Amino acid sequence: MSEAEKSDGRFRGRMDFVSSIVKADDEKRLLYTLIEPDPRRYDLIELSDGPYYRDKFLHVAISKREMHENMVAQMPGLPMYHLAPNIESSRTYADERLEAVTREMETGEHTPPQQVAAKHQDFYERPDVRDVVFLSVDICGGTSLRKAEPTKFDRAYQIFTRELGTVVGQFNGSILKTTGDGFIAYIDFPGFTVQCDNAVDMGLTLLLVLRDSVNPSLAAAGLPELSIRVGADFGASTIRTVHIPATGYSSPEVASDAINRAVKIQESCENNEFRIGRSLYELVHVQWLMRAREAPFDGSLVGIPGYPAYRVT
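Reminder that position 4 of the sequence shown reads as 4 in the numbering used here, one-by-one numbering, no gaps.
Rather than coming from a laboratory, the hints here were simulated on the basis of the structure. Heads up, a few of these hints could be off.
Unchecked claim - Computed list of lysine to aspartate or glutamate pairs in EDC-like fashion (alpha-carbon distance at most 16 Å, straight line):
no.	residue 1	residue 2
1	Lys-147	Asp-181
2	Lys-64	Glu-96
3	Lys-64	Glu-125
4	Lys-177	Glu-106
5	Lys-56	Glu-253
6	Lys-119	Asp-38
7	Lys-152	Asp-181
8	Lys-64	Asp-95
9	Lys-56	Asp-16
10	Lys-177	Glu-294
Unchecked claim - What follows is a list of derived Cβ distance ranges for each label pair:
no.	residue 1	residue 2	range
11	Ile-304	Lys-56	40 to 50 Å
12	Ile-244	Gly-222	39 to 49 Å
13	Asn-272	Ala-61	36 to 46 Å
14	Ile-244	Asp-122	19 to 29 Å
Since the structure is predicted, the reported quantities are computational estimates derived from the model, not experimental observations. Beta carbons: idealized from backbone N, C-alpha and C, even for Gly.
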């Protein structure tokens, strides 16, 4: 396992299960289900002290006996979280936004998506330490594009920021800050499994909406098409205050190694590529693990030699 931060001192780990309904008791309003480790992720192997579930992706073995005992001990009173995206299909959403943005380029009238994105949350309203997923989004060659065609680039950047920033809200995220050539987004939620899954879904949807909605609309209007790099990672974060007494300057800022990792991973990406760090990789659903492949990355850039990053497609 990685050295991912644990903001409350508890270990962050994930198992994926498949469930089936055994029976439903309408009179007592009870539903009985059978949950089993997802065979896409686990093999059942026999070791000297009994059966183990071998994780095909994280390369660890989990004792079947200990897993059952821990589930029985921990399940009572364990909260369950739900954080579904506001869009049912990224493909359908991209098609709808292509039509809306193309029409805006012709008429000048903006049509917001019919799906209502989550409202922005101010990161600085909560000073406590918590686990957050950060995504760093950067326009490839943005400085050169702005220098070559400043007016056209600024118009393209306006459309880019609005449409991709709306995607962030569709996945229950917020924008921490814009960077001039992109932005840093985050998802802050107590249920780390759905939080991490939403982040990966968001990263892939950002690429899809740029490719199939924003860029065709920009090209039709004679504006420059854009390419992006997206990096993401998970970790503990808190707020500190930068204060300079001599000048009276004071400003809050986010303290998190996860932001630094997300930015460095983004910088390692190829054009129109999405990569995630190991701390995030370990906490996402098997459907995303199956779409991730280790990519070249120098972990010493984030102070963790050998720290892996993964390309998700």
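So, going through the hints one by one against the coordinates:
For the proposed pair Lys-147 and Asp-181, the alpha carbon gap of about 12 Å is at most 16 Å, so the pair holds. For the proposed pair Lys-64 and Glu-96, the alpha carbon gap of about 47 Å is over 16 Å, so the pair is violated. A hinted pair counts as satisfied when its Cα atoms are at most 16 Å apart, and Lys-64 with Glu-125 does not qualify at roughly 43 Å. Of the supplied pair hints, the one linking Lys-177 and Glu-106 is violated, its CA atoms being roughly 30 Å apart against a limit of 16 Å.
Proximity of Lys-56 to Glu-253 is assessed by CA-CA distance (about 39 Å); at most 16 Å being required, the pair is judged violated. For the given pair, Lys-119 sits about 34 Å from Asp-38 by alpha-carbon distance, which is inconsistent with the 16 Å threshold. For the hint linking Lys-152 to Asp-181, the alpha-carbon distance of about 14 Å falls within 16 Å, and the restraint holds. Between Lys-64 and Asp-95, the direct Cα distance comes to roughly 45 Å. Violation of the 16 Å bound is thereby established for this hinted pair.
For the proposed pair Lys-56 and Asp-16, the alpha carbon gap of about 12 Å is at most 16 Å, so the pair holds. For the proposed pair Lys-177 and Glu-294, the alpha carbon gap of about 28 Å is over 16 Å, so the pair is violated. Under the hint 40 to 50 Å, the C-beta atoms of Ile-304 and Lys-56, about 24 Å apart, miss the expected range. For Ile-244 paired with Gly-222, a C-beta distance near 46 Å keeps the hint of 39 to 49 Å intact.
In this structure the supplied range 36 to 46 Å holds for Asn-272 paired with Ala-61, their Cβ-Cβ distance being about 37 Å. Under the hint 19 to 29 Å, the C-beta atoms of Ile-244 and Asp-122, about 23 Å apart, fit the expected range.
Taken one by one, the earlier hints fail for this structure at numbers 2, 3, 4, 5, 6, 8, 10 and 11, listed in ascending order.
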